[in-house]
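Given the coordinates of chain A, work out where chain B should sit on it, guided by the hints.
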Amino acid sequence: MGSVYRARDMHFPNVAKLVAVKEMINLAPDPLVRQTIVQNFEREANILATLHHPSIPRIYDYFSHNDHSYLVLEFIHGKDLEAVLNDTNGFLPEDQIISWAVQLCDVLAYLHDHKPDPIIFRDMKPSNVMINQNGDVMLVDFGIAKTFQSGQKGTMIGTEGYSPPEQYRGEATPLADIYSLGATLHHAATRRDPRLEPPFSFAERPIRRINPNISVEFEAVINTALQYNPGDRFPNASAMKEALINVARKTGALSKITSALPVSSGGIKPLWSFKCEDEIRGTPVLHQGALFIGCYDNNLYALNAADGQFQWKYATEGGIVSRPLVYDNNVFFGSEDYRLHVISARTGKVAWTYYTEGKIYSSPRIADGHIFFGSEDQYLHAVNVSSGRAVWKLLSDAPIYSSPLVANELVYFGTESGSFYALDFRGETKWRFQAKRAITSSPVNKGQAVYMASLDSTLYALDAISGWAIWKFRLGKGSISSPALADDFIFVGASDGFIYCIDARTSKEVWRFRTENQVGSSPVVYKDSVYCGSADGFMYCLEYRTGRLRWKFETQGPITGSPAVFDDIVYFGSTDHHVYALFA
Amino acid sequence: MADFFRKLFGSKEDTPKQENADSATTAPLTDQQIKSILDNQNVKYDMKQLIASVGQSVGKQREHNEDSVLALTSTIAGGVESVPFGLYVVADGMGGHQFGEVASNAAIRIIGGNVARKFHSYLYHLPTQSLQESLQEVMESSIMEAHQYVQREAPGSGTTVTAALVLGQQMTIAHVGDSRAYAVYPDGRVETLTRDHSLVKRLEELGHLSKDEAESFPHRNVLIRALGQGETLEADIFTVPFPQGGYLLLCSDGLWGVVNDKDIFRIVREAPNLHRACQSLVEAANAAGGPDNITVALVQQIG
Numbered sequence: 002m003g004s005v006y007r008a009r010d011m012h013f014p015n016v017a018k019l020v021a022v023k024e025m026i027n028l029a030p031d032p033l034v035r036q037t038i039v040q041n042f043e044r045e046a047n048i049l050a051t052l053h054h055p056s057i058p059r060i061y062d063y064f065s066h067n068d069h070s071y072l073v074l075e076f077i078h079g080k081d082l083e084a085v086l087n088d089t090n091g092f093l094p095e096d097q098i099i100s101w102a103v104q105l106c107d108v109l110a111y112l113h114d115h116k117p118d119p120i121i122f123r124d125m126k127p128s129n130v131m132i133n134q135n136g137d138v139m140l141v142d143f144g145i146a147k148t149f150q151s152g153q154k155g156t157m158i159g160t161e162g163y164s165p166p167e168q169y170r171g172e173a174t175p176l177a178d179i180y181s182l183g184a185t186l187h188h189a190a191t192r193r194d195p196r197l198e199p200p201f202s203f204a205e206r207p208i209r210r211i212n213p214n215i216s217v218e219f220e221a222v223i224n225t226a227l228q229y230n231p232g233d234r235f236p237n238a239s240a241m242k243e244a245l246i247n248v249a250r251k252t253g254a255l256s257k258i259t260s261a262l263p264v265s266s267g268g269i270k271p272l273w274s275f276k277c278e279d280e281i282r283g284t285p286v287l288h289q290g291a292l293f294i295g296c297y298d299n300n301l302y303a304l305n306a307a308d309g310q311f312q313w314k315y316a317t318e319g320g321i322v323s324r325p326l327v328y329d330n331n332v333f334f335g336s337e338d339y340r341l342h343v344i345s346a347r348t349g350k351v352a353w354t355y356y357t358e359g360k361i362y363s364s365p366r367i368a369d370g371h372i373f374f375g376s377e378d379q380y381l382h383a384v385n386v387s388s389g390r391a392v393w394k395l396l397s398d399a400p401i402y403s404s405p406l407v408a409n410e411l412v413y414f415g416t417e418s419g420s421f422y423a424l425d426f427r428g429e430t431k432w433r434f435q436a437k438r439a440i441t442s443s444p445v446n447k448g449q450a451v452y453m454a455s456l457d458s459t460l461y462a463l464d465a466i467s468g469w470a471i472w473k474f475r476l477g478k479g480s481i482s483s484p485a486l487a488d489d490f491i492f493v494g495a496s497d498g499f500i501y502c503i504d505a506r507t508s509k510e511v512w513r514f515r516t517e518n519q520v521g522s523s524p525v526v527y528k529d530s531v532y533c534g535s536a537d538g539f540m541y542c543l544e545y546r547t548g549r550l551r552w553k554f555e556t557q558g559p560i561t562g563s564p565a566v567f568d569d570i571v572y573f574g575s576t577d578h579h580v581y582a583l584f585a
Numbered sequence: 275m276a277d278f279f280r281k282l283f284g285s286k287e288d289t290p291k292q293e294n295a296d297s298a299t300t301a302p303l304t305d306q307q308i309k310s311i312l313d314n315q316n317v318k319y320d321m322k323q324l325i326a327s328v329g330q331s332v333g334k335q336r337e338h339n340e341d342s343v344l345a346l347t348s349t350i351a352g353g354v355e356s357v358p359f360g361l362y363v364v365a366d367g368m369g370g371h372q373f374g375e376v377a378s379n380a381a382i383r384i385i386g387g388n389v390a391r392k393f394h395s396y397l398y399h400l401p402t403q404s405l406q407e408s409l410q411e412v413m414e415s416s417i418m419e420a421h422q423y424v425q426r427e428a429p430g431s432g433t434t435v436t437a438a439l440v441l442g443q444q445m446t447i448a449h450v451g452d453s454r455a456y457a458v459y460p461d462g463r464v465e466t467l468t469r470d471h472s473l474v475k476r477l478e479e480l481g482h483l484s485k486d487e488a489e490s491f492p493h494r495n496v497l498i499r500a501l502g503q504g505e506t507l508e509a510d511i512f513t514v515p516f517p518q519g520g521y522l523l524l525c526s527d528g529l530w531g532v533v534n535d536k537d538i539f540r541i542v543r544e545a546p547n548l549h550r551a552c553q554s555l556v557e558a559a560n561a562a563g564g565p566d567n568i569t570v571a572l573v574q575q576i577g
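Which chain is which? The protein sequence lines are A and B, in order. The opening residue of the first sequence carries number 2 in our numbering; numbering runs sequentially from there. The opening residue of the second sequence carries number 275 in our numbering; numbering runs sequentially from there.
Chain A with its partners taken away, still in its complex shape (with noise of 0.2 Å):
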């Protein structure tokens, strides 16, 4: 246990000399313990007493009073590289890292050929590299002496990511710091704190898939410092900071000379696109070769899914924003004219009618006969299929836009208000949570969980029994999209511009990508990727495990609905009136 102070040296009562005060607090209970502590701490002052080098900072003085013991040293004006990972957004430059790799190989040599024994510094990490104002590293804390003891459980030494495996049998040689300066410098380059990952696992993350900014070259000698085997790394410090130069040289990074790597947009053709007469907010859906979508124009139209060939529309008065149902071949819509509509899904004529007392923004579900949905006017809705009458409604506390989700015998959604209901097939009120703000998101579940997100800014994962909350996960904003489910992963957009990724068991994150705006629209999954529009106009498509870009297709209009993909054809309209159809 310990502290840093900045003080001033008065014996120099006539200048401001500012040094750092290490302080030690020696609480130890246990005597062996207790003067453990003192040596280390004296060791400390005695190895930096012998050493002269720019990276090193001077000591001047230490003293013990009663527990406590006290390192006068040179102070840096500056501040470590983990407070400067924290402080960044995004990735520093490949540049700045190289040159910091340079000093601390040539202060790792200087410490290595120290005689008569070399001084192995044991725990390079980013939190003991002091980045001074002239952007220069100092090296500091000398006073972890760590030696290995074996046989009792729980010799804990080495967890925080940046040791080498062979720390584990005791070995400590110029060549565990070796290790430990790649690990540092993987942490610098991905942002990937090692301590919040399996041990030794930096091959899990190829630092050019998490910043693709840095060189093949520069990876190379990161991933060589890294090895294994201690044998299979550098040699000594030297060799390393010789092919960090080579690098430079050769990718010019410290003439900084930045590469970008533009994600080609241009090359996608649509397989055809078809123009309504005003925007398409809502979700296709496909039934027997058909393509059935409803538009601001106030129709709902019917294309040849094969070519794009309009088949027939069918007006109603108002918006179209939900996504149809295809049962029983009648197509299911709401509309903002109040009224969930009914058609032949083969001609287009009106089946039914069913009137609610606000403009209809949520998708119809069908189960057991019934067909549920919300309204504007507050209620959820089941009406029965066949005869197109009420069958009940509930009465909720506010607008509903949130899709029911039908699932273990209940009817989930959510509301305006940030209420989330599970009725049971009679209209009761199974259980009721409450978020912070609206659900606007439609409800997805998998065994027994359920999902939605929130416009306050969180992802849900509740029992779908008994609706306790099994964990939340902090959106950058607020969302209105609907999460969708593959493996264990849950695919969610935000108004933060990003599309997430998350662990259905753990419910941490597993990768995000970002667009130019908002995303209100729902992701689909389909074999390995994610499709996902954005406000930015494009169409995404990721893969799904890693989030990587595949392509992009740029629209004219903020996409807001979700796409529908069948047999390798991704189906979804835009903002800017069309309807597209491309190769998934």
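For the record, the hints were derived by calculation from the structure and aren't laboratory data. Cβ atoms here follow ideal geometry from the backbone N, Cα and C, with glycine treated the same way. Fair warning: there could be bad hints in the mix.
Pair by pair, the computed Cβ-Cβ distance ranges are [unchecked claim]:
no., chain 1, residue 1, chain 2, residue 2, range
1, B, Thr506, A, Ala221, 28 to 34 Å
2, B, Thr506, A, Thr225, 23 to 29 Å
3, B, Ser356, A, Lys478, 36 to 42 Å
Some chain B residues near chain A, calculated using beta-carbon distances under 10 Å [to be verified]:
no., residue
4, Val357
5, Glu407
6, Gln410
7, Gln444
8, Thr446
9, Leu477
10, His482
11, Ser484
12, Glu489
13, Phe512
Showing chain B alone in chain A's frame:
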């Protein structure tokens, strides 16, 4: 009422069925078996109830018991009906002297206390305010509180923790170290739910050790994560369904290190009740040499 008692004490009735499933040892499973497994996992709305038992032994070769165990079984007020509630924690302390015991004991108490505090109104009153945190957040804050306590009060020591919060038909598990949680299914599958945070496991995952080499690896007892150790602690926290028709088993390495999955299943199945099952598991570990402290907690959902 008779029905209720049958549910409560009826484990024997199920036994023949389980034996049938188990006797078919050949892989792959038949469609029927798969169907029965899937059917068993269907969500049902019957009133469920938890029962649990624990067993402990210092083992044959240690002088002190550094393991700790907690089992708390109740129901809590749910929306319409009461929901089964259970908290089960196994902790295996380390660090020599008396400190291992301090660490494991503190861990179970602090986790137990923290969870009980969060659920206090659900457990003992009718809640007027809903719980603000998610179940995973409750478990995470409990682990962190215990971590900080051990760092403060027993520096240098550490403990494994495997804790399961069962609520309704799901369980949220928080795990650090090399104690384990198993799902024991009626068809004989014994699924390890947790991943050991041990050096040997890590080296095995990386392909640097074969299974045989791992068996004889000298540093089998070196953990790479433990409660009370390290600047940052990241526990594995996840939520999975309670094994339908089966058992949740938590244990320290004193059990799993010497008794294999098959024997664990056999012992659990053959025991007339949970208490005897726990006792027999402990006995089996001692019969195998009892090299370490042994702790088991066994949980079943009935009804």
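Verification of the hints:
Our hint of 28 to 34 Å for Thr506(B) and Ala221(A) holds, since their Cβ atoms are close to 29 Å apart. A hinted range of 23 to 29 Å holds for the C-beta pair Thr506(B) and Thr225(A), which are about 27 Å apart. Taking 36 to 42 Å as the suggested C-beta distance range, the pair Ser356(B) and Lys478(A) conforms, at roughly 38 Å. Checking Val357(B) against chain A: minimum C-beta separation of about 5 Å stays under 10 Å; hint holds.
Given hint, Glu407(B) at the interface with chain A, holds; its Cβ is 7 Å from that chain's nearest Cβ, closer than 10 Å. Given the 10 Å rule on beta carbons, the hint for Gln410(B) holds: about 4 Å separates it from the nearest Cβ of chain A. For Gln444(B), the shortest C-beta to C-beta distance to chain A is roughly 5 Å, which falls under 10 Å, so the interface hint holds. Residue-level restraint check for Thr446(B) holds (minimum Cβ-Cβ distance to chain A is 7 Å; threshold 10 Å).
Hint status for Leu477(B): holds, given a least beta-carbon distance of 8 Å to chain A, under 10 Å. About 7 Å separates the beta-carbon of His482(B) from the nearest beta-carbon of chain A, less than 10 Å, and the hint is met. Contact between Ser484(B) and chain A, as hinted, is not supported at the beta carbon level, the nearest pair being about 15 Å apart and thus beyond 10 Å. For Glu489(B), the suggested interface contact is broken, since its CB lies about 17 Å from the closest CB of chain A, more than 10 Å.
For Phe512(B), the interface hint holds, since its Cβ comes within 10 Å of a Cβ in chain A; the closest pair sits about 4 Å apart.
The structure is inconsistent with the numbered hints 11 and 12, although it conforms to all the rest.
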